[in-house]
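Given the coordinates of chain A, assemble chain B onto it according to the supplied hints.
Residue numbers (the working numbering), protein chains in the order written: chain A, 53 to 549; chain B, 53 to 549.
Just so you know, not all the hints are guaranteed correct.
Note that the list lumps identical chains together, so a pair holds whenever it fits in one copy or between two copies.
[Claimed, not checked] List time: in silico BS3-like cross-link candidates among lysine-lysine, alpha-carbon distance up to 30 Å: (1) 498 <-> 86; (2) 86 <-> 433; (3) 539 <-> 65; (4) 517 <-> 215; (5) 498 <-> 130.
By construction, these hints were calculated from the structure, which means they are not laboratory data.
No experiment lies behind these values; they were computed from the predicted model shown.
Number of protein chains: 2
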Amino acid sequence: MNHLETYLAFRKKKQAYQYAMWLISWDQETEAPKNAIDYRSQQIEVLSTLAYEVETDLSRIEAIDALSQDQSLEDTLKREIYLVKKELDNIRKIPKKEFIEFQVLLSQAGQIWAEARKNDDFEGFLPTLEKVIGFQKTMVKYLETDTLKGYDVLLDMYEPGMKTKDYDQFFDTLREKLVPFAKSAAKVKQTFPRALKKPFDTEKQKAFNQYLTGVFNYNMDQGVLKESAHPFTSGVASVDTRITTAYKPDLRSAIFSTIHEMGHAIYEQQVNPLYDETELKGGISMGIHESQSRLYENMIARSASFWMTHYEKLQDTFKKELKQVSLDDFIRYVNEVKLDFIRVEADELTYSLHIMVRYDIEKQLFNGKLKAKDLPKTWNKLYKSYLGIKPKTDQVGVLQDIHWSLGSFGYFPTYALGSAISAQLYHAMSKSIDIDQAIRQNEIVKINEWLKTNIHQYGKLLEPKDLVFKATGEAFNPNYYVDYLIKKYEHILGIKA
Amino acid sequence: MNHLETYLAFRKKKQAYQYAMWLISWDQETEAPKNAIDYRSQQIEVLSTLAYEVETDLSRIEAIDALSQDQSLEDTLKREIYLVKKELDNIRKIPKKEFIEFQVLLSQAGQIWAEARKNDDFEGFLPTLEKVIGFQKTMVKYLETDTLKGYDVLLDMYEPGMKTKDYDQFFDTLREKLVPFAKSAAKVKQTFPRALKKPFDTEKQKAFNQYLTGVFNYNMDQGVLKESAHPFTSGVASVDTRITTAYKPDLRSAIFSTIHEMGHAIYEQQVNPLYDETELKGGISMGIHESQSRLYENMIARSASFWMTHYEKLQDTFKKELKQVSLDDFIRYVNEVKLDFIRVEADELTYSLHIMVRYDIEKQLFNGKLKAKDLPKTWNKLYKSYLGIKPKTDQVGVLQDIHWSLGSFGYFPTYALGSAISAQLYHAMSKSIDIDQAIRQNEIVKINEWLKTNIHQYGKLLEPKDLVFKATGEAFNPNYYVDYLIKKYEHILGIKA
Chain A
53 MNHLETYLAF RKKKQAYQYA MWLISWDQET EAPKNAIDYR SQQIEVLSTL AYEVETDLSR
113 IEAIDALSQD QSLEDTLKRE IYLVKKELDN IRKIPKKEFI EFQVLLSQAG QIWAEARKND
173 DFEGFLPTLE KVIGFQKTMV KYLETDTLKG YDVLLDMYEP GMKTKDYDQF FDTLREKLVP
233 FAKSAAKVKQ TFPRALKKPF DTEKQKAFNQ YLTGVFNYNM DQGVLKESAH PFTSGVASVD
293 TRITTAYKPD LRSAIFSTIH EMGHAIYEQQ VNPLYDETEL KGGISMGIHE SQSRLYENMI
353 ARSASFWMTH YEKLQDTFKK ELKQVSLDDF IRYVNEVKLD FIRVEADELT YSLHIMVRYD
413 IEKQLFNGKL KAKDLPKTWN KLYKSYLGIK PKTDQVGVLQ DIHWSLGSFG YFPTYALGSA
473 ISAQLYHAMS KSIDIDQAIR QNEIVKINEW LKTNIHQYGK LLEPKDLVFK ATGEAFNPNY
533 YVDYLIKKYE HILGIKA
Chain B
53 MNHLETYLAF RKKKQAYQYA MWLISWDQET EAPKNAIDYR SQQIEVLSTL AYEVETDLSR
113 IEAIDALSQD QSLEDTLKRE IYLVKKELDN IRKIPKKEFI EFQVLLSQAG QIWAEARKND
173 DFEGFLPTLE KVIGFQKTMV KYLETDTLKG YDVLLDMYEP GMKTKDYDQF FDTLREKLVP
233 FAKSAAKVKQ TFPRALKKPF DTEKQKAFNQ YLTGVFNYNM DQGVLKESAH PFTSGVASVD
293 TRITTAYKPD LRSAIFSTIH EMGHAIYEQQ VNPLYDETEL KGGISMGIHE SQSRLYENMI
353 ARSASFWMTH YEKLQDTFKK ELKQVSLDDF IRYVNEVKLD FIRVEADELT YSLHIMVRYD
413 IEKQLFNGKL KAKDLPKTWN KLYKSYLGIK PKTDQVGVLQ DIHWSLGSFG YFPTYALGSA
473 ISAQLYHAMS KSIDIDQAIR QNEIVKINEW LKTNIHQYGK LLEPKDLVFK ATGEAFNPNY
533 YVDYLIKKYE HILGIKA
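Just chain A, same shape as in the assembly (with noise of 0.2 Å):
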């Protein structure tokens, strides 16, 4: 076999592996059987081993290796080589016997800061914090290159091609103009009818969701709408991308959460299916993934237009409990603005003030400038800071998030990234596309074929920069989201900036 052939090979088993791990995390997200937990835990481990033997076999390795020099190859297949190239070229930097250390590690670290944040107790997650995040720096050491230092080894994980340097700009523009507008906008007194804050029955709901999964077009043939604890997207290929959300009281719980993952997986449902197989199919970024997410659920779903097309069908689902709420009351209400403490309930206007506070942190953490001790100080002052709020305890405050304990460092200023993103992307797209047009005409085809040709086909064959520049001909800006924000809560709430 010459080294393009040995490649294949191993490609397919690699993709095999893949689907069978994809396929029981979705299980065990939403339907699997308390007790198979250790049955499970067994057969994982094995499963990964075999994985990991596969992706490590010294004849892989070397036809990567090769090919990754071979200047013949049609374009597709180097970008594929280019991306193996790179993981593995890190697999290579950490000697095993600590990657598997920190792996046990953050096996263990989920459970105590699950615990730690039960009990509101950071003193009994600092020292498994500590271990992770001095994990996290010895890993960063051996991952360093010429070009990527520090944090920013982390920070292109998440987002290749955005460093330090680049966030710090884009944050800087959120602090000097959002910021000041967040605090005044927070001012405003909105009252809402008391209707709205009972509880919104479970069947009736689920009838709505599965009206807007028509809505939005995702497609059922190449998805599933499932439940679980928290939504989430999971796609193994273009033709297989689940999503999952789950039903709260709050009416705009489960609609906002199913639009937010419809997103995600329209995306990948729409990469060129030819990527099925190979390694490009999926999404390029986080970043990039949470542009679509931000921009199904909040420009389109939180717009009015689009409430003016589906609030007759919403209050046709609940006849009695919307009876009598009015089309520009229900239009408020999806766009509440309210400071509060919590990262996931936060609303788009203040989002990603909540992520800024958290890269301001891990940014201190990684250049020696704060110590894991005094992260509550930190959290609580950065809060009072830019939401103008202090938690009240830890459980609400920096024991919040999952993240850290997941060795996931870098990963959140993608989230403000991406609603960053798409309003860039929504401003490109409105001039091919009367945007709102086809929302009050119940067209979104029309929105998810521009997002096709200009974003989702790719794939995973454009890194994350380029593909913001082809698709709306300029890098990235962040004044188009801070104008977008601005423009839109001066007229639902009345105010000026």
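Just chain B now, with coordinates in the frame of chain A:
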């Protein structure tokens, strides 16, 4: 590594692949999206190949061969090695090329059969069926031993220890005693309240089926109840044994399907959990498995005592629909006798006569007395002879079952055998438990316990014949079954045999 260590290392891998394939199949039957079929097939092909490589690895084979001579192994391990050696010997006897050719044929035969059934076109299926039978005969030749010849080879695959002469005896008893009784029973005119013939709401059926899982103590922490086109049980270990049901307009359909599948599932859930990581988990044979599902479905859930206890709950669920339906009418309704063409819709009394038709045919096919092309004629003749009716089309006649297109010759007789064994077990159980009282006092858990102690816990540790003897104190005896059926239906229909 010594032989035992080698064997155990391979066992881990085999189990992990088995788990992955099990979950993929469960997902496929219950929720995987339509368009993922090709992608999934590709992954299944790779995983099957990898699993096959593990099973046929020379060092594994060497270890098994050596261990099968090792008298020092403890009993459960000795039994396990016996079972894997038997499997391995069969694999070794069949040339790989022919085995794969047969698998390819079978992978196409199912679709050809489905098409032929749809079009009531036996001739369209005949060439494929002939090829399948031809291959199967060749396989039989490869697998024959000193003690197993011809059709017995196939019978032994599904029910170790049962040969033609055993089944002949069994079916002779049915032919002699049950056929005449069933024919006269079918002449009794049964009428039911019209309310029962109306369609029953699915959501309410779901609620009642959920209630039934509690009644039978089907362990939801080790299982799942879901929907699929055709109800089935799918277990991978005692801690994860799932079932499906299908909701039809006929109220009886889902209730008895669910209970039937719970019978299968409770069996596997109650196998000694220490066997989960071994080859001794799961049920020992198709016949024993069916004896459990039939015992729960028919002997428990179609009994008067069962509905004396639970009909109130059912009436509560379907207040309007069952208001006018008396308990007596309902008990008669769930025991309706109807001579019909379709096996899967057959009642308890006539079910095994449908099987007898298929057994007679298979036996003749494999002893050369019947050619595939004459199947429809023989089928119809046997239906006339055993059930007194003649199918109007092949669609509701010889083409109705999928089994032969899957190459599953020798499987059918275990369905009847299972029913018969269930009666023998019931008789033995009644010596130590007042079964009727347990049912009336909603203590089915007592029945579960007896079955756990006498059948379930053993998993694959004991051969079916030994299991029956151990549990009942005698060899398989079909008279319990015939006596039970005649007594029950004499009472229900008010006739004398």
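Tested hints:
For the homomeric pair residue 498 and residue 86, the shortest alpha-carbon distance between copies (24 Å) is at most 30 Å, but the shortest distance inside one copy (43 Å) is not. In this assembly of identical chains, the alpha carbons of residue 86 and residue 433 never lie at most 30 Å apart, being 41 Å within a copy and 52 Å across copies at closest. Neither within a single protomer nor between protomers do residue 539 and residue 65 lie at most 30 Å apart by alpha-carbon distance, with minima of 51 Å and 59 Å respectively. Within a single copy, residue 517 and residue 215 get their C-alpha atoms as close as 12 Å, which meets the 30 Å cut-off; across copies the closest is 71 Å, which misses it.
Proximity of residue 498 and residue 130 under a CA criterion of 30 Å is satisfied in neither setting, with 32 Å inside one chain copy and 66 Å between copies.
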